[in-house]
Amino acid sequence: MAVITMREAISQALWEEMERDERVIILGEEVGVWGGTYAVTKGFYDHFGPERVRDTPIAESVIVGAANGAAMAGLRPVAELMTINFAFLAMDQIVNHAAKLRYMFGGQMSVPVVIRAVSGGGRQLGATHSQTPDAIFAHFPGLKVVAPGTPHDAKGLLKAAIRGEDPVLFIEHATLYQFRGEVPDQEYLEPIGVSKVQRPGSDVTVVAYSKTLQHSLQAAEQLAQEGIQIEIVDLRSLRPLDMGPVLESFKRTNRAVIVEEGWRSYGVGAEVAARIAEEAFDYLDAPIRRVAQAEVPLPYNQALEQMALPQVDDIVSAVREVL
Amino acid sequence: MATVINMPKLGFDMAEGRLIRWVKAQDEAVQKGEVLAEIETDKATVEVESQESGVVRVHLVAENSLVPVGSPIAILGTADEAIDLEALVGKSGPARPAAAKPAAPQAQTAAVPAGPHETEAEGDGNLPAGLRATPVARRLARERGLDLNSLSGSGPQGRILKSDVEAALIAPAPAPSLQAARPAAATERVQLSKLRAIIGRRMTASKQSLPHFYLTADLDAGPLMALRGDLNSRMPQDQQFSVNDFLVKSAALALREFPNLNASLEGEEIVRHGQINIGVAVAMDDGLLTVVAREADQKPLRTLSAELRQVVARAREGRVRPADIEGSTFTVSNLGMFQLDQFTAIINPPEAAILAVGSVRQEPVVVDGQITIGQRMRVTLSADHRVTDGAEAARWLQVYRSYVEHPVHLLV
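Chains as they are written, first to last, in the working numbering: chain A, 27 to 349; chain B, 104 to 515.
Extracted from the complex, chain A is given alone in its bound form (with noise of 0.2 angstroms):
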C-alpha cells in the first residue's frame, strides 16, 4: 500500500473518476489553469482540458447553481468551494436546490452534483474564513454530509459520492490536506453513511470524525501509556449518519466522549448523544461528554486561536473525567 497525503488521495480520486467516465466536470474557483487553491487539481486542466475543468467567477451561487444544472441535465459535476465558509452565500442552491429537486419534482429527475468545501480552522484565517460549520448542512434532508479523517476514507467516499445518485457535500479539513495515510494500490469504494471504528479500545468510546479523529487518536496514544484504551469511532459521513457502529462500542464501554470541531451547541456532538441516551439509556454509566470548539467567533490570534478549538489535551482530560 502506497503513503499518501489527503490532498493526494483526494485528487486521485478525481482523476480516476475523470478518466473513468467523461461526464464527472470539475468548476470552481482557480481550479483550472491555477490548479486549485490547495492544489487538488494541479495538472488537471492540462490533461482533462478547458471543458471539463472549469474556472468560474468568484460567485458561489454560481458554481453550485451551474453545478446542480448541469448535474439535472446528466453530466457529473464535482464543484469546489475554496472554503465551507462561502457555500453560506449558496446556500439556497445547496439547501433549496440541490437537496430539494429530486424530492419535490418527485424522482424526474435526480441531483449527482458533489460540492466540495474546506472547512476548518487553525490557520489564522480570521473568524469568517475558519469556521467548522459541517453541522448546518447534516441538518437537511435530501444532502449528504460526507467528512473523511483519513487519506483511504477521503479517496474511497470521494469515488462513492461521485458515482452516487444524490447531492453530496464533501468536507474537506484545510488543516489535513498534507496528512499522510496508507492507500490501496487497487481501486476501492468507501460506502457512504457507514461509521468505522478507528481504533479499538474497550473502556471509554470517543465519536470523532474529520481533523478530530486524528485528535482523537493522538489521545489514544497518551491514554494508553495510562492503561486506558479508548475505542474511536469516525463517522465519516453525518448524514446518513451511522449509530450502529457507535451503539455497540457504547454498549461495551457504557461512557462516551464526543468530539467536533464546530461549536458545541446544537452541534454534531448533540445529535450523536441524545441517538445514545434514546437508543441505549441503559447501558449508561456515566455523564456523556462533548469535546467541541468554545462558543465564540474563531480568534485571529494564533494562541488564541489554539486555545478555542478542541485539541488533544482537551480529550484526554474529557475521557478521564468519565472514567
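It should be emphasised that the hints constitute simulated quantities derived from the structure, not laboratory data. Every value quoted in this text rests on a predicted model; they were computed, and no experiment measured them. From the three backbone atoms N, C-alpha and C, an ideal C-beta is built for every residue, glycine too. Hints may be right or wrong, so weigh each one.
[As the list claims (entries may be wrong)] Some chain A residues well away from chain B (every beta-carbon gap over 12 angstroms; in silico):
hint, residue
1, W60
2, T109
3, P226
4, T279
[Stated by the list, open to error] For each label pair, taking beta carbons as the anchor points, the in silico distance ranges come out as:
hint, chain 1, residue 1, chain 2, residue 2, range
5, B, I273, A, E321, 41 to 47 angstroms
6, A, Q212, B, G248, 51 to 57 angstroms
7, B, I273, A, A300, 56 to 62 angstroms
8, A, V88, B, R235, 54 to 60 angstroms
Since the structure of chain A is already known, use the hints to place chain B on it.
Here is chain B on its own, set in the frame of chain A:
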C-alpha cells in the same frame, strides 16, 4: 356526605404504611367490607376493607406512596356529589391530589420523603430517594437480582457504577476441594425478599436495643400429650388440636397473672395491654409471619384452635388480613416439629417477651424414686429486662408450667 378514608393504624408501632395498590379505582363503587386497597406495613402486605359503601371519588395518594398513619388516602362519597377537597382534608392534605390523573411512579415516590430505612427497590422508577446509580448499573442489578441498596457507589456523590455492580456480582473463586470428584455448585446471589428484609430490620433492631434475658424450663408434657390424644380421638380430622393450641392457651392464661409480660415499653412508660393477644410464629417459604390469636385467654380451646387454623392457612396462602397479624402482645414460637431440644428466640417488638418451644422428647425421668419413660418439653422465655426481671419471668414460667402439666384446667 363524602367521607375521608385515612391510612389505618394496623399495629401498636405502625407509623406509616405504603399504599401498594388501589384495588378500587377512582369512581368505582365499593361495598362495605370490600377490599379497597393493599397496604404494606412493616410486617406484611394487608388488604384494607372499606368501612362503608359508596363510590371511591378521589384517590389522594398514588400507588406506592408511603403515607403516615392517619393521613387521608381517599374520599368516599356518592357518585354525583360535589367534592370539596379543601373542606374535607384541608390545605394541609396532600399537596397534589391524584384526581386528574396518576403521575409517573417516580414523581409519586418523590412526593413522600423516604427515611433512612426506606430501602425497598423495585425496578427503575422506584429507587429510594438518595440512591444514585447509573442506568447501566440499574439495569445490571435488575437483571441479576441484586439490591442496589446493598452496594456503595464509587462514582461521584456515591453514584453506583457498572463496575460496582460487577464487583458485587463476582463471586470469589471457589477454593480447590480435596473431594474434587463432584464440582461445587455455583454460588448464587438471591435478592432479599421484602419479607426477609423486614424480618432482618426488625430482628436486628430488637436484638440491638432490647436487653434480652433467657429462662429455660423443662416441662412434663405427658399429661398434655395424653389429653390431646384423648380429645383428638373423638374429633374429626380437620378439627384436630395441635400441641401448640394448648401452649398458646396456657401462655394466655399465665399472662393474666403477669401483666408486665403482656406489655410494651413506650418511652418512659410500660403499656400493659388490656387484651391478651398471642402471636404465633408461622414459618413461610421466604421468612416468617406472626399471626395473632386474639384474646386467647378468653376463648374456649376449640374456638382458639379453629381460629388459629384459619389464620395460619391464610398466612401460608399470602392472604392475611390486618387483624390476622397485628396487635399481638406476646409470642409463642414453636419449632417442636423439627426434633430439637430447645432454642432461644428474639423478642418481637413492641412485645416484652417471647416463648420458644422445643420438641416433646421421650426420655427416662425419675418419678417417686423410680426411673420411668417420660415425655419432656423444654421452653425458653426471652424477656425484655427494661420491662421485667428474672424473678417475675421465672414466676410466670411456674404458672405456665402448672397449666401445661395440668392441661385439664385449660378446658374448664
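Verification of the hints:
No Cβ of chain B comes within 12 angstroms of the Cβ of A:W60; the nearest lies about 55 angstroms off, and the non-interface call holds. Its beta-carbon lying about 42 angstroms from the closest one in chain B, A:T109 satisfies the requirement of being farther than 12 angstroms from that chain. Against the 12 angstroms criterion, A:P226 stays outside the reach of chain B, whose nearest CB is about 19 angstroms from its own CB. Chain B draws A:T279 into its interface by the beta-carbon criterion, the shortest separation being 10 angstroms against a cut-off of 12 angstroms.
Taken as a hint, the range 41 to 47 angstroms holds for the pair B:I273 and A:E321, whose Cβ atoms sit roughly 44 angstroms apart. A:Q212 and B:G248 have their C-beta atoms about 55 angstroms apart, which keeps the hinted 51 to 57 angstroms range intact. At about 34 angstroms, the beta-carbon gap between B:I273 and A:A300 misses the expected band of 56 to 62 angstroms. A hinted range of 54 to 60 angstroms holds for the C-beta pair A:V88 and B:R235, which are about 58 angstroms apart.
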